[in-house]
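With chain F's structure known, arrange chain E on it following the hints.
Number of protein chains: 2
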Amino acid sequence: MELPSKILENAIDALGTLPGVGKRSAMRFALHLLQASDAEVADFVSAIQRLKSDIHFCSRCHCISDTPVCSICSNPKRNEKIICVVENIQEVMAIENTQQYQGLYHVLGGVISPIDGVGINDLNIASLIQRVETEGVEEVILALPTTMEGDTTNFYLNKQLQRFPNLLISTIARGIAVGDNLEYADEVTLGRSIAHRIPFNSLNS
Amino acid sequence: MELPSKILENAIDALGTLPGVGKRSAMRFALHLLQASDAEVADFVSAIQRLKSDIHFCSRCHCISDTPVCSICSNPKRNEKIICVVENIQEVMAIENTQQYQGLYHVLGGVISPIDGVGINDLNIASLIQRVETEGVEEVILALPTTMEGDTTNFYLNKQLQRFPNLLISTIARGIAVGDNLEYADEVTLGRSIAHRIPFNSLNS
Numbered sequence: 112m113e114l115p116s117k118i119l120e121n122a123i124d125a126l127g128t129l130p131g132v133g134k135r136s137a138m139r140f141a142l143h144l145l146q147a148s149d150a151e152v153a154d155f156v157s158a159i160q161r162l163k164s165d166i167h168f169c170s171r172c173h174c175i176s177d178t179p180v181c182s183i184c185s186n187p188k189r190n191e192k193i194i195c196v197v198e199n200i201q202e203v204m205a206i207e208n209t210q211q212y213q214g215l216y217h218v219l220g221g222v223i224s225p226i227d228g229v230g231i232n233d234l235n236i237a238s239l240i241q242r243v244e245t246e247g248v249e250e251v252i253l254a255l256p257t258t259m260e261g262d263t264t265n266f267y268l269n270k271q272l273q274r275f276p277n278l279l280i281s282t283i284a285r286g287i288a289v290g291d292n293l294e295y296a297d298e299v300t301l302g303r304s305i306a307h308r309i310p311f312n313s314l315n316s
Numbered sequence: 112m113e114l115p116s117k118i119l120e121n122a123i124d125a126l127g128t129l130p131g132v133g134k135r136s137a138m139r140f141a142l143h144l145l146q147a148s149d150a151e152v153a154d155f156v157s158a159i160q161r162l163k164s165d166i167h168f169c170s171r172c173h174c175i176s177d178t179p180v181c182s183i184c185s186n187p188k189r190n191e192k193i194i195c196v197v198e199n200i201q202e203v204m205a206i207e208n209t210q211q212y213q214g215l216y217h218v219l220g221g222v223i224s225p226i227d228g229v230g231i232n233d234l235n236i237a238s239l240i241q242r243v244e245t246e247g248v249e250e251v252i253l254a255l256p257t258t259m260e261g262d263t264t265n266f267y268l269n270k271q272l273q274r275f276p277n278l279l280i281s282t283i284a285r286g287i288a289v290g291d292n293l294e295y296a297d298e299v300t301l302g303r304s305i306a307h308r309i310p311f312n313s314l315n316s
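Residue numbers (the working numbering), protein chains in the order written: chain F, 112 to 316; chain E, 112 to 316.
Here chain F stands alone, though its shape is the one from the complex (with noise of 0.2 Å):
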């Protein structure tokens, strides 16, 4: 399609490499911004604009924050002596939005992976060991992707965590998701989930 005007084209371009969006959304979204008022753009560029010049890393976790500490290492509710060590902020999001949890999180960064080149000192792992060591912690909860990726790092952290002898390292658990049907699930997974069986009064705690 030959567009009348290359500054639109440009638009549609920059929205078309956000994730999932096709050449047809990002038309959308351009004229949707075309016609929006001036304001509206100016708050819409400046919000992500701030994402850039304004968020920090949490100095403990390593999550988004909008201070040195992030809101959830900073909140004296939360259980300091919990850590569940996760890839992304993503995952940490994700976690909070269950509401069952209330210790703190470990944000590594990456999982390694040799084939993308992300390697053990690419991923904040030695700020992980050193969290163990001086803040007391009494269990670490792996919570990386099960993936092949996720489980070379889960191997190598639990590797490195068997020096603190009084540590729990513990993993989520990995069975049938609720609401899915046995006949469908992938053979490892309902595998695991018969090896891993766990008491039926426990699923109502």
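If several chains are the same, the list does not tell them apart, and a pair holds so long as it fits within one copy or across any two.
Using 30 Å as the maximum straight-line C-alpha spacing, the simulated BS3-like pairs for lysine-lysine come out as follows:
# : residue 1 : residue 2
1 : Lys192    : Lys270
2 : Lys117    : Lys192
3 : Lys117    : Lys188
4 : Lys163    : Lys117
5 : Lys163    : Lys134
These are computed hints drawn from the structure, not numbers from a lab.
Just chain E, lined up with the frame of chain F:
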């Protein structure tokens, strides 16, 4: 979901104002921008800002343009004797995309809609009449949406254009869409497509 950063929350809200973007997509967009490089975000933002600051509307057809007169109106290969009247810029691009039309356009900027407070004076109707008067136009194609408001506007324009006795006033063909099943077509469309049937041989012209 409680977010650890107000800045991120603002960016998500801003991205959520784009048409068809929900909270989840807006969050994906925001996290994508957060993880993009400074240069990428600067490009993204400037492409959107230029939409507001640098874009013109063609003084002749009211389509968007990078110059005072748009690339379609100033293209000497286009047939200046035909004007296709459309509601918005989107329709110009959709028709251009078909590569079936070589005339010029006239963007009304909406259709008559008393319920939305859009009256005759809010649309680029006077400039259309003036163009027909002064530009030696031989045909006006009414390509407005096939809605009640579109039909009302068509009717009004048709009446206004009666003052030019030699002007051909046409409208886009309505009927069964290519690839559609007759059984699922609505009655009005099917009825019209039979009443306005065309010679079979003209299909291939």
